[in-house]
Amino acid sequence: SQQGEEDPQALSIQEGENATMNCSYKTSINNLQWYRQNSGRGLVHLILIRSNEREKHSGRLRVTLDTSKKSSSLLITASRAADTASYFCATAASGSRLTFGEGTQLTVNP
Amino acid sequence: GAVVSQHPSWVICKSGTSVKIECRSLDFQATTMFWYRQFPKQSLMLMATSNEGSKATYEQGVEKDKFLINHASLTLSTLTVTSAHPEDSSFYICSARSRGLAGGMTYEQYFGPGTRLTVT
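First to last, the protein sequences are chains A and B. Residues in the first sequence are numbered consecutively from 1, following the numbering used here. Residues in the second sequence are numbered consecutively from 111, following the numbering used here.
Simulated from the structure, these hints should not be mistaken for laboratory data. Any given hint could be a false lead.
Pairs of lysine to any residue residues, derived as SDA-like cross-links and limited to a Cα-Cα distance of at most 25 Å, are as follows [as the list claims (entries may be wrong)]:
id, chain 1, residue 1, chain 2, residue 2
1, A, Lys26, A, Ile49
2, A, Lys70, B, Gln152
3, B, Lys151, B, His117
4, B, Lys151, A, Glu55
5, A, Lys26, A, Arg80
6, B, Lys176, A, Arg97
7, A, Lys70, A, Leu48
8, B, Lys151, B, Ser125
9, B, Lys151, A, Leu61
10, B, Lys165, A, Ala93
11, A, Lys26, B, Val172
Since we're looking at a predicted model, the values are computed, not measured.
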């Protein structure tokens, strides 16, 4: 079964608004990571949250993890047009293998 | 730091030919490298995991004789798509993971910029 299912699939907001993306997974994890991908480019690592952590911040990013619900959320505050990209969550179990979610396409309109 | 490069960034080849894609870790030693494939507007699908000096581990459904992976050094892994067909056209992305402090594994993977393969 697919790990890391994300919603919404697409999100369109105005500059300055907050963007929230959600990720759900099915099996136990060691950590969960969020990545960003600009169109046709590679992935940029945003943030990693371990299974024993509940919340983590990095600049305008806030990630939460609820292992009881097997879900995570990524909040981008005060969004900018440059935040337009696809955002993927990826889960890691006991090994190093990452399983990616389907991704959320975020469009921030100026 | 932690830069991963891929070469070429894009390639067009004819059906039936083979194409080699290189993945290099520029400023760290990558004990493990991963190869992903991504179709348009879809997520990344792991194809195989390679550890330096050993055979790659392929995911279910990925033909190891078609997608040859070589991880001959701690900074270089190559993916060769043999006898390419149009359905192999995709975006291929590698990632690399290094050893952390005191020899332990780190969790973070560093991704290359990807290689766009088009088979005509």
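Going through the hints against the structure:
1. Of the supplied pair hints, the one linking A:Lys26 and A:Ile49 holds, its CA atoms being roughly 17 Å apart against a limit of 25 Å.
2. The hinted pair formed by A:Lys70 and B:Gln152 meets the criterion: a straight-line CA distance of about 22 Å does not exceed 25 Å.
3. At most 25 Å may separate the alpha-carbon atoms for a hinted pair to count; B:Lys151 and B:His117 meet this at roughly 22 Å.
4. A C-alpha spacing of about 29 Å is found between B:Lys151 and A:Glu55, which places the hinted pair above 25 Å, so the restraint is violated.
5. Proposed proximity of A:Lys26 and A:Arg80 is contradicted: the alpha carbons are some 32 Å apart, above 25 Å.
6. For the hint linking B:Lys176 to A:Arg97, the alpha-carbon distance of about 22 Å falls within 25 Å, and the restraint holds.
7. Distance check on the hinted pair: A:Lys70 and A:Leu48 sit about 15 Å apart at the alpha-carbon level, within 25 Å; holds.
8. Using a Cα cut-off of 25 Å, the hinted pair B:Lys151 and B:Ser125 holds, with the two alpha carbons roughly 24 Å apart.
9. Our distance criterion of 25 Å between C-alpha atoms is met by B:Lys151 and A:Leu61, whose separation comes to about 24 Å.
10. Taking the CA atoms of B:Lys165 and A:Ala93, the gap is about 22 Å. The hint holds against a cut of 25 Å.
11. A C-alpha spacing of about 23 Å is found between A:Lys26 and B:Val172, which places the hinted pair at or below 25 Å, so the restraint holds.
The earlier numbered hints that this structure contradicts are 4 and 5.
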